[in-house]
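Q: Top line first, the protein sequences correspond to chains H and P. Using our numbering, the final residue of the first sequence is 499, and nothing's skipped along the way. Using our numbering, the final residue of the second sequence is 499, and nothing's skipped along the way.
Because the hints were derived from the structure by calculation, they are not lab data. Each residue gets a CB set at the ideal place from its N, CA and C atoms; glycine is no exception. Possibly wrong hints are sitting among the right ones.
The calculated DSS-like cross-link candidates involving lysine-lysine, where the alpha carbons are at most 27 Å apart (straight line), are [said to hold, decoys possible]: (1) P/Lys83 / H/Lys67; (2) H/Lys67 / P/Lys132; (3) P/Lys147 / P/Lys67; (4) P/Lys206 / H/Lys425; (5) P/Lys83 / P/Lys93; (6) H/Lys384 / H/Lys250; (7) P/Lys107 / P/Lys97; (8) H/Lys107 / H/Lys181; (9) H/Lys132 / P/Lys132; (10) H/Lys181 / P/Lys61; (11) P/Lys181 / H/Lys61; (12) P/Lys81 / P/Lys97; (13) H/Lys147 / P/Lys181; (14) H/Lys384 / H/Lys61; (15) H/Lys97 / H/Lys83; (16) H/Lys61 / P/Lys304; (17) H/Lys67 / P/Lys361; (18) P/Lys67 / P/Lys81; (19) P/Lys206 / H/Lys457; (20) P/Lys107 / H/Lys132.
Going by beta-carbon spacing under 7 Å, a handful of chain P positions derived as facing chain H [unchecked claim]: (21) Lys60; (22) Glu66; (23) Ile69; (24) Lys132; (25) Lys206; (26) Gly209; (27) Ser229; (28) Gln232; (29) Gly235; (30) Met308; (31) Met429; (32) Ala431; (33) Met477; (34) Leu484; (35) Leu488.
Protein chains: 2
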Amino acid sequence: MDSSKKFLLQEKDIPTAWYNVMADMKNKPRPMLNPANKQPMKAEDLYPLFNKACSDQEFNTTDQWIEIPEEVREMYKIWRPTPLVRARGLEKLLDTPAHIYFKNESVSPVGSHKLNSAIAQAYYCKQEGVTNITTETGAGQWGAALSLAAKHFGLALAVYMVKVSYHQKPYRRSIMQTYGAEVIASPSMSTRAGKDIITNNPNYQGSLGTAISEAVELARTTPNCKYVLGSVLNHVGLHQTVIGLEAEKQMEMAGEYPDVVIGCFGGGSNFSGISFPFMRHNLSGERNTRFIAAEPASCPKLTRGKFQYDFGDEAGYTPLIPMYTLGHKFAPAHIHAGGLRYHGAGSVVSQLMQDGLMSAVDIQQLDTFKAATMFAQSEGIIPAPESSHAIAATIAEALKCKEEGVSRTILFNLSGHGLIDMSAYDQYLRGELTNFEYTPAPNL
Amino acid sequence: MDSSKKFLLQEKDIPTAWYNVMADMKNKPRPMLNPANKQPMKAEDLYPLFNKACSDQEFNTTDQWIEIPEEVREMYKIWRPTPLVRARGLEKLLDTPAHIYFKNESVSPVGSHKLNSAIAQAYYCKQEGVTNITTETGAGQWGAALSLAAKHFGLALAVYMVKVSYHQKPYRRSIMQTYGAEVIASPSMSTRAGKDIITNNPNYQGSLGTAISEAVELARTTPNCKYVLGSVLNHVGLHQTVIGLEAEKQMEMAGEYPDVVIGCFGGGSNFSGISFPFMRHNLSGERNTRFIAAEPASCPKLTRGKFQYDFGDEAGYTPLIPMYTLGHKFAPAHIHAGGLRYHGAGSVVSQLMQDGLMSAVDIQQLDTFKAATMFAQSEGIIPAPESSHAIAATIAEALKCKEEGVSRTILFNLSGHGLIDMSAYDQYLRGELTNFEYTPAPNL
Numbered sequence: 056m057d058s059s060k061k062f063l064l065q066e067k068d069i070p071t072a073w074y075n076v077m078a079d080m081k082n083k084p085r086p087m088l089n090p091a092n093k094q095p096m097k098a099e100d101l102y103p104l105f106n107k108a109c110s111d112q113e114f115n116t117t118d119q120w121i122e123i124p125e126e127v128r129e130m131y132k133i134w135r136p137t138p139l140v141r142a143r144g145l146e147k148l149l150d151t152p153a154h155i156y157f158k159n160e161s162v163s164p165v166g167s168h169k170l171n172s173a174i175a176q177a178y179y180c181k182q183e184g185v186t187n188i189t190t191e192t193g194a195g196q197w198g199a200a201l202s203l204a205a206k207h208f209g210l211a212l213a214v215y216m217v218k219v220s221y222h223q224k225p226y227r228r229s230i231m232q233t234y235g236a237e238v239i240a241s242p243s244m245s246t247r248a249g250k251d252i253i254t255n256n257p258n259y260q261g262s263l264g265t266a267i268s269e270a271v272e273l274a275r276t277t278p279n280c281k282y283v284l285g286s287v288l289n290h291v292g293l294h295q296t297v298i299g300l301e302a303e304k305q306m307e308m309a310g311e312y313p314d315v316v317i318g319c320f321g322g323g324s325n326f327s328g329i330s331f332p333f334m335r336h337n338l339s340g341e342r343n344t345r346f347i348a349a350e351p352a353s354c355p356k357l358t359r360g361k362f363q364y365d366f367g368d369e370a371g372y373t374p375l376i377p378m379y380t381l382g383h384k385f386a387p388a389h390i391h392a393g394g395l396r397y398h399g400a401g402s403v404v405s406q407l408m409q410d411g412l413m414s415a416v417d418i419q420q421l422d423t424f425k426a427a428t429m430f431a432q433s434e435g436i437i438p439a440p441e442s443s444h445a446i447a448a449t450i451a452e453a454l455k456c457k458e459e460g461v462s463r464t465i466l467f468n469l470s471g472h473g474l475i476d477m478s479a480y481d482q483y484l485r486g487e488l489t490n491f492e493y494t495p496a497p498n499l
Numbered sequence: 056m057d058s059s060k061k062f063l064l065q066e067k068d069i070p071t072a073w074y075n076v077m078a079d080m081k082n083k084p085r086p087m088l089n090p091a092n093k094q095p096m097k098a099e100d101l102y103p104l105f106n107k108a109c110s111d112q113e114f115n116t117t118d119q120w121i122e123i124p125e126e127v128r129e130m131y132k133i134w135r136p137t138p139l140v141r142a143r144g145l146e147k148l149l150d151t152p153a154h155i156y157f158k159n160e161s162v163s164p165v166g167s168h169k170l171n172s173a174i175a176q177a178y179y180c181k182q183e184g185v186t187n188i189t190t191e192t193g194a195g196q197w198g199a200a201l202s203l204a205a206k207h208f209g210l211a212l213a214v215y216m217v218k219v220s221y222h223q224k225p226y227r228r229s230i231m232q233t234y235g236a237e238v239i240a241s242p243s244m245s246t247r248a249g250k251d252i253i254t255n256n257p258n259y260q261g262s263l264g265t266a267i268s269e270a271v272e273l274a275r276t277t278p279n280c281k282y283v284l285g286s287v288l289n290h291v292g293l294h295q296t297v298i299g300l301e302a303e304k305q306m307e308m309a310g311e312y313p314d315v316v317i318g319c320f321g322g323g324s325n326f327s328g329i330s331f332p333f334m335r336h337n338l339s340g341e342r343n344t345r346f347i348a349a350e351p352a353s354c355p356k357l358t359r360g361k362f363q364y365d366f367g368d369e370a371g372y373t374p375l376i377p378m379y380t381l382g383h384k385f386a387p388a389h390i391h392a393g394g395l396r397y398h399g400a401g402s403v404v405s406q407l408m409q410d411g412l413m414s415a416v417d418i419q420q421l422d423t424f425k426a427a428t429m430f431a432q433s434e435g436i437i438p439a440p441e442s443s444h445a446i447a448a449t450i451a452e453a454l455k456c457k458e459e460g461v462s463r464t465i466l467f468n469l470s471g472h473g474l475i476d477m478s479a480y481d482q483y484l485r486g487e488l489t490n491f492e493y494t495p496a497p498n499l
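So here's chain H without its partners, still in its complex pose:
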């Protein structure tokens, strides 16, 4: 047994291609549908809104590997490869025979895995002559990542940030602004969609659905402007596979292979990133690893949602996507894991779930903060509220090993750190944090 704590790769080990799980899936994800005529969509149908390269990737079900452009790899070098860590402190605290490993994506300069796809999307936009990009952000992790990527490639970026977060989470707004992005509280007077909402309800504090509508409208009405998205879509999960590809090499350095792989789950980007490269060995029949998505009990799309066609946004502007969904009108509770407050799962994950290739667990907010505090005290890193769902699921698995008296190798993705979420920890420490139950949307 290797006695190292961290397993480190060199820059030359940064993957040269992303892994496209769709190529290996027996049942391909069902196609997106045009809501107007319910016809399957093609890559070209996305060109007006997204860059062409990502639109093509979205529909690519044949190429197992998609080359990572050299400029993207070059920028990955700012923080990649990220460490794989043996969580010996946590193992000791739990007194478990399990071997626990985590991939530490929190070392990115914006503190999360979101940069992996932000860089790729900004790069392709630049390559195609785009000058302006726009997106929405909730708590601000995705917006911060895209701000840095946009600055690097010389693109102007406008971020529509949900108004309540804009005011309650000023630090993430300042991070975006420090990187040079324009941040607009949504709903805003800068779009028709925003104006209409403000006119009807001057005090409306915004939602991700509204912010998407505003960003989409800006992209449609601005010359040379594209819209980019931080999760849910297939190409975003594709870009995130650098996480699992690096982890695969590092587990080999550690002389182990995971029996269980765990990621927290919002729209699916970090879960896809850590899981898909290992899942390819299940799909080929070589391995039988379990994959667990950890989602909030108050937003349980995989454990309690329905698999059906639904819109990606609240207003119903997007294509119809085949997804495990709580309904696009579902209003998630105000948990601190802002990145997991989304009603649906991407179409690839939804198909894998449908086919029994992965499973899901749902976790209450208080349990995630309890797990987070145990992790902070034993491993030193204060995790993001989102990542804490993966930690709670990992602890449950490790305690099961202890009960059963068996050793299993568990790998989870630490998708981000929680240093910008300390107000949530403060609330937890003061005993003021509560759980939220799942309340189904009336139209599901």
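Fit chain P to the given chain H structure using the hints.
A: Then chain P, alone, in the frame of chain H:
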């Protein structure tokens, strides 16, 4: 020329010994004096307050290398070795022929270099049977680091945090509490010193001097309790030399040797850490590197202070220390670089300064935030306000290279990230940040 961006070491490359620059100094630092009788102090005189190992290190002017205990190296593995980064983005932005490198200490789980000494001090206390430790903290970087180290070694920790920061910087307080430390706003009713101050001035918002008095009093009146300090003293600078020792190996990997080494300067801990290992080659006559300490224009102890004996705290409870000082009653301006708001320099640095082995520059607050924003946009990392002083000094050196048309190799220490200081960036971006001039203390 190597084209890598980062130079990464493995865990086995973590230094096995700290470098003790005092052994190589021709003029040793003058001794601390007992204020009661002005007699030179010995290690034993510190035993009642500090642990024995650190007290001995404080006076060790003979051993060039001091072994790092295995348990300390083991905990260093949580985040060490840290990357050395070639700042190609910043070089490009400045269009300079200079080669700029930085040692990235911001990747520590508490976001700064402070953990390097916190672990060592907590370890020695544990070894000597101490059960409780106490310290003071201003903005909270040191307190956060010590909280993690104390938890790791099973010590109870009480941190006296300057009251104004306790309320204005709740995030750092929550970080300490998440790691399990008790955090007390200073002045407090828990000590005689605190009670006296509150009685005289119920609205007093605290100072580092008062917080030191409270922590020292707690240590003196509590069985099995020691006091620990995060900067200024020789043993703290000693522990920080892991920074420069790693950087030396990494510069070798890059095929270069620094012409200039730069660190920001508060009490001297991070500056000592990055500089001393390189300075040993100056002291031996092999090299002629320049060493630059970058301090705030409003707190310019090295550029405008006097070299004399002075107290380490405002109240005058500590031994007399030979230091470049602005006077122990000096009240620093409210700049955001809280870690640099200290009146004096440690005795080793002061002697090196006196002997012309290093130099110093002072920098205005607005210039540090301008430099920080340039760095964030070109290298991706938002730096701590303290570290931004080193960045501003580096940019000035790099622009000098451009003017003179010569290439020099510049190395600076990125002592921490600024993700918990975004309110300062917000103020800067809104144009509300100001410079502060130096106002000498009346008694200097």
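Q: Now tell me, hint by hint, if it's right for this structure.
A: Results of checking the hints against the structure:
1. P/Lys83 / H/Lys67: 46 Å, violated
2. H/Lys67 / P/Lys132: The given pair, whose Cα atoms are some 22 Å apart, holds under the 27 Å limit.
3. P/Lys147 / P/Lys67: 34 Å, violated
4. P/Lys206 / H/Lys425: Status holds; Cα separation ~16 Å.
5. P/Lys83 / P/Lys93: At roughly 19 Å apart (the allowed maximum being 27 Å), P/Lys93 and P/Lys83 satisfy the hint.
6. H/Lys384 / H/Lys250: 20 Å, holds
7. P/Lys107 / P/Lys97: 11 Å, holds
8. H/Lys107 / H/Lys181: Measuring from Cα to Cα gives roughly 11 Å; hence the hint holds.
9. H/Lys132 / P/Lys132: Answer holds: H/Lys132 to P/Lys132 is near 21 Å, not above 27 Å.
10. H/Lys181 / P/Lys61: Holds - the C-alpha atoms of P/Lys61 and H/Lys181 are around 25 Å apart, at most 27 Å.
11. P/Lys181 / H/Lys61: Status holds; Cα separation ~25 Å.
12. P/Lys81 / P/Lys97: 20 Å, holds
13. H/Lys147 / P/Lys181: Given that 27 Å is the threshold and the Cα spacing comes to 19 Å, the pair holds.
14. H/Lys384 / H/Lys61: 43 Å, violated
15. H/Lys97 / H/Lys83: Given that 27 Å is the threshold and the Cα spacing comes to 15 Å, the pair holds.
16. H/Lys61 / P/Lys304: 19 Å, holds
17. H/Lys67 / P/Lys361: 51 Å, violated
18. P/Lys67 / P/Lys81: 33 Å, violated
19. P/Lys206 / H/Lys457: 24 Å, holds
20. P/Lys107 / H/Lys132: Status violated; Cα separation ~43 Å.
21. Lys60: Holds. Min distance 4 Å.
22. Glu66: Hint on P/Glu66: holds, closest Cβ of chain H at ~6 Å, below 7 Å.
23. Ile69: 11 Å, violated
24. Lys132: At 4 Å from the nearest chain H Cβ, P/Lys132 passes the 7 Å test, so the hint holds.
25. Lys206: 5 Å, holds
26. Gly209: 11 Å, violated
27. Ser229: 4 Å, holds
28. Gln232: Check passed: Cβ of P/Gln232 comes within 5 Å of chain H, closer than 7 Å.
29. Gly235: 6 Å, holds
30. Met308: 10 Å, violated
31. Met429: Interface hint status for P/Met429: violated (11 Å vs cutoff 7 Å).
32. Ala431: At about 5 Å, which falls below the 7 Å cut-off, the nearest Cβ of chain H leaves the hint on P/Ala431 intact, so it holds.
33. Met477: 4 Å, holds
34. Leu484: 5 Å, holds
35. Leu488: The hint is violated - P/Leu488 has no Cβ within 7 Å of chain H, the shortest such distance being about 12 Å.
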